[in-house]
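Please construct the entire structure, taking both the sequences and the accompanying hints into account.
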Amino acid sequence: MQHRFVGTGDPVEVNLVKEGGAWTYEGQRLEQYGERLKVTLADGSVHLAHAAKTGDVWWVHLNGHTFRWERMEAGASTKANDGGLTAPMPGKVLEVFVEVGQTVIAGEALMVLEAMKMEHRIVATSDGLVTAVHFKANDQVTQGAPLLSIEEIN
Amino acid sequence: MQHRFVGTGDPVEVNLVKEGGAWTYEGQRLEQYGERLKVTLADGSVHLAHAAKTGDVWWVHLNGHTFRWERMEAGASTKANDGGLTAPMPGKVLEVFVEVGQTVIAGEALMVLEAMKMEHRIVATSDGLVTAVHFKANDQVTQGAPLLSIEEIN
Amino acid sequence: MCINVLVANRGEIACRVLRACKEAGLGTVAVCAANDEGSLFTELADRVVMLQGDTIATTYLDQTQIIEAARSSGATAIHPGFGFLSERADFARAVADAGLIWIGPSPEAIEKMGDKMTARQTMRAAGVPVIPGEEVEEIDETAALEALRLAAERVGYPLLLKASSGGGGKGMRAVHDPADFEQAALGARREAVAAFGDGRIYIERLLSGSKHIEIQVLADAHGRTVHLGERECSVQRRHQKVFEEAPGPTMTPALREAMGSAAVAAAKAVNYVGAGTVEFLLATSGEFFFLEMNTRIQVEHPVTELVTGVDIVREQLRIAGGEAMSCGDLLIRGHAIEVRLYAEDAANGFLPAVGPLLVFRPPEGPGIRLDTGVREGDDVTPNYDPMLAKLIVWAPSRHEALQKMRRALDEFVVLGTTTNIRFLRELCDVPAVVSGTTTTTTIDDEWPNGWSPATNEDLVAASLLTASAAESLGLHQRTKAGASSEAGEAPSPFQTITRRFP
Amino acid sequence: MCINVLVANRGEIACRVLRACKEAGLGTVAVCAANDEGSLFTELADRVVMLQGDTIATTYLDQTQIIEAARSSGATAIHPGFGFLSERADFARAVADAGLIWIGPSPEAIEKMGDKMTARQTMRAAGVPVIPGEEVEEIDETAALEALRLAAERVGYPLLLKASSGGGGKGMRAVHDPADFEQAALGARREAVAAFGDGRIYIERLLSGSKHIEIQVLADAHGRTVHLGERECSVQRRHQKVFEEAPGPTMTPALREAMGSAAVAAAKAVNYVGAGTVEFLLATSGEFFFLEMNTRIQVEHPVTELVTGVDIVREQLRIAGGEAMSCGDLLIRGHAIEVRLYAEDAANGFLPAVGPLLVFRPPEGPGIRLDTGVREGDDVTPNYDPMLAKLIVWAPSRHEALQKMRRALDEFVVLGTTTNIRFLRELCDVPAVVSGTTTTTTIDDEWPNGWSPATNEDLVAASLLTASAAESLGLHQRTKAGASSEAGEAPSPFQTITRRFP
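Respectively, the protein sequence lines represent chains A, B, C and D. In terms of the numbering used here, the numbers along the first sequence are unbroken and rise by one, the last being 154. In terms of the numbering used here, the numbers along the second sequence are unbroken and rise by one, the last being 154. In terms of the numbering used here, the numbers along the third sequence are unbroken and rise by one, the last being 502. In terms of the numbering used here, the numbers along the fourth sequence are unbroken and rise by one, the last being 502.
Hints in this document: simulated from the structure, not taken from any laboratory. This list has only true hints and no planted wrong ones.
Reference excerpt, derived from the structure (chain C facing chain D, CB under 7 Å, subset only):
1) Glu23
2) Gly309
3) Arg333
4) Gly334
5) Pro366
6) Arg369
7) Pro396
8) Gln403
9) Lys404
10) Arg407
Subject to a maximum C-alpha distance of 16 Å in a straight line, what follows is the list of computed EDC-like cross-link-like pairs (lysine to aspartate or glutamate):
11) Lys268/D - Glu108/D
12) Lys268/D - Glu111/D
13) Lys136/B - Glu95/B
14) Lys18/A - Glu471/D
15) Lys18/B - Glu471/C
16) Lys38/A - Glu411/D
17) Lys38/B - Glu43/D
18) Lys38/A - Glu37/C
19) Lys268/C - Asp220/C
What follows is a set of in silico ranges between Cβ atoms, one per label pair, in the way DEER data are often shown:
20) Gln140/A - Gly156/D: 38 to 44 Å
21) Ala22/A - Asn15/B: 53 to 59 Å
22) Glu70/A - Ala125/D: 55 to 61 Å
23) Leu255/D - His399/C: 33 to 39 Å
Fair warning: this is a prediction, and the values are worked out from it, not measured in the lab. Glycine included, each C-beta is placed from N, C-alpha and C at the ideal position.
Right, dumping it as structure tokens:
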């Protein structure tokens, strides 16, 4: 069975192999007993896994680590975020420091959002050229909304 | 709406009255909010109720007390246990002290069961005549199995 | 110390030990019978070895299989918990012979204390007072009965019959009237043979109105033996403790010192190493008498941990690893109470109950500790002891600890299986409990005709209202999700057929 | 004392106070905004009064409505918890004027300590050392900026800008370079105006390498003022504490005595009654300086409770009822650590996160305390502070407490919302944390470019395997049952539109 997930990086294709009562993938092994999931890592250690799904996202807890994997339906875009900066939280735009056409350097503050009692600075992740600014001060933004576009400069 | 339940005593008929968003019964009041149940007692005190069902039995927790109510479908017998003594637990019969035709007095030991590492004595609940003995030593009994019948003597 | 610990137990004590090992950085192995698969304790171990067998005798009591499990899994030490093999000297010896570390006292110490008749003799020799009574070594049933009958006359009524290999109320009978003697002795012998394979019985004078006071001791291999003060466990039903506390509410520093010294002397008399408990009866006269020594961790150890600040299980691991124990001078602070939550019908002679834990929601908040081996969705089966959990509270004073226990019990929600929660809650209001003047007969004195819950009509009506409304609202769909797939089915009685319970 | 207590708060501190009241036998009233309906704290109160209003200002900050709620529900006392109205002198005064008991210090004491600039002056007068710096009383923005700039030059860089009405990191900015001064000052003022309606800012020299040490004090109306030793809360991110412990790992008895005496002097200087905390900066020089006094119960009070055995909230109730406090001489035993679990993305600048708590399974076992206001199935919304829970452990030694915390964090399962659990877990392995040499810049020193989780390829692959297998097995059906009906929907941003966050 095949699934495609995306976490913080590029999408990953997972080809599940079923061996007897167990599933395997890249040397890791999973068995279901009762309603629980038991994972045997390549190093031989055994761990209980917790998994829960909300929307398209699977949350997995394994050996003290928590993972968030968004499941991609076949055919969905595999293109990574190309320089667009998105709102990490729903909130309000307090200030915009840049405008279209301006060049910015990595680490430069682009915008300030207010959410959950705190101010959050949106910062350029690389040197680049501002190609779009989608909000102005006092605008409300939803989580994940594209805020600005930056074209990378090498 | 009408429901019939039986606990440890005689069956009870409950006639639910719906008033606005609340249900009432004998001066008690229940409201649902979200997935929770809030009960206002006749004395005005408010409590969160927990309820869960397994088989025909509703379990209810209210203000530190737990109740077990078996729901009776309409038409089921309302006759209380008429002298039959049933196994309180699955287990094994160790000894039988009485036989059919024998008279017994309230409190007299009739049978010894073994279950969960302990011996349990089955005792006559009233003076009476033994009319049936359904098991002998070393028999296995299931929970609720009728063990003996006693005809009450007044 | 770098050992891998196999825990030869199940349920809450296995959880307790496995967590302590994990915190200490030690590798862990659980052993597990087929009907325990998926239990909480198996999830806390690094590795799980399944035990082959259908009975307790062929699983948790199978010495060969458990030692082999240790060998195959790379374990280098065995912690026996309580019950099962914890007080089996032959097992302790077999563990050592297999080159493994036994987390407990020497086989010799277990033997001397495990046979209650030998223990009484050892204690007499060490100058520790024992309860007036007689031991009967006779094996043959007819001869034993006759010897017991004669001894009973010398000891006098009321008296207690106790199995020499006994514990936990098994093989024990109180006899108030000589006419009941024979039936009681036969029952005690039968239970003792079934449970321990040893029908030997001894007789103690029944000292009514006494308190059960026990002293926790710790001894390391470097020659240090200390006591951690007392626990009072007078409140018992069916000779099993249900309410335990530390410190004892009527204890004085002088009496603690005297009982503590006697306990340390008892431990030293058998060259004790590890954690153990010396149980005493404190008579109304103020005298105290040795009852027995439990050569293992005890169910009620948490109350001592909470008032002394000593992690007893962690000290067991240290001591077994050859280290000196880490605890300093005895320092008792505040008050701790433990109650034992059983799946049982307290209103019906405390009969064990079974069923699914549809809802299992323990109380929360500061000063509350819960030691359990179950969680919501598990099933209570007749396979093992029906203890669900130990609820332990600590507060600066006894008064506040009782208040906290009341609040905690009121908030504890268990649905799907009958429990003794309400009984425990009412126990907290019994005058003798409130005043701390509890004795071993407190429960019988308070409820001579058995306990039944005090309730009121409004609450009963409201519970019917709740059940009716929940039915009308279709709420069983929701709550069912929390239960396991077997929920609602009665357990098969055939599961118990081949078992002899230890 | 027979009072009915209204708790003018929400979330975990409301739960903490309501349980303490219930244990003390006091009646309780909760107040609740519409978006908190069904929250855990509302279930712990005898009565719940719904607050009318769409914003925090018109609900938990609405003094008139809360006092009216007390009156209508028969409450006779108000406990403010922390945050919200807890340090509002005008509210304390209004409560007293309404004939209700205020569970906290006098309005005068709150005023003198609440305005940080006044507090600095009061402390100077009482002989308690304060951090070198300057207060600027100017209100007008332009004039204030100029005055601040001049003061900054006198104080010297690096420096801290702090809101005089501030707390919890709000309205605070560290400035290392004069070039950044103006933007920082404007930001601090803006945040301070938004949060407190008061833009006044003062300047403190930034003493890098310092420890944040605070002393818990208790004072009753019978003239007794004591301290309960220190907490070290140096480990902070965004100027908010995330890791707190007692006792301080580098504390000496002499320094404790000196700081404790200074804290008691500070409390006495404002005729303090109730529970409060005097915060100090302990510089690398060994000197300590007054930072501020929190005139309320603090988030991190549990670590002090665990090592001293004093129930601080219970003492607050006693003191407010006019009784003498019950705690005896200071006796510190063992070590306690608290970590704050936030719904936040520690790998992304600690940005707050939202989402459903599909799974919320706290760790269990002895020595673990969890103070929380949420449970599985709840939603984390952007309406309030994103702190989910406080996980607190106690053990006989600091080393063992850290071991226990590691185990506890490894066992803590939260799915559905991003949390800082893994960050906290890695924090337990940071050399400065292990050695106890933490300072207020430990997190920045350890992760100068921000934190991201250390993991390995096998674990990542195994998590993908788990997600894939769970998808193939259709397990989302099962786990979904634990979540509330709103699970999976993003919260509406419009919920926040009309809010000003305090």
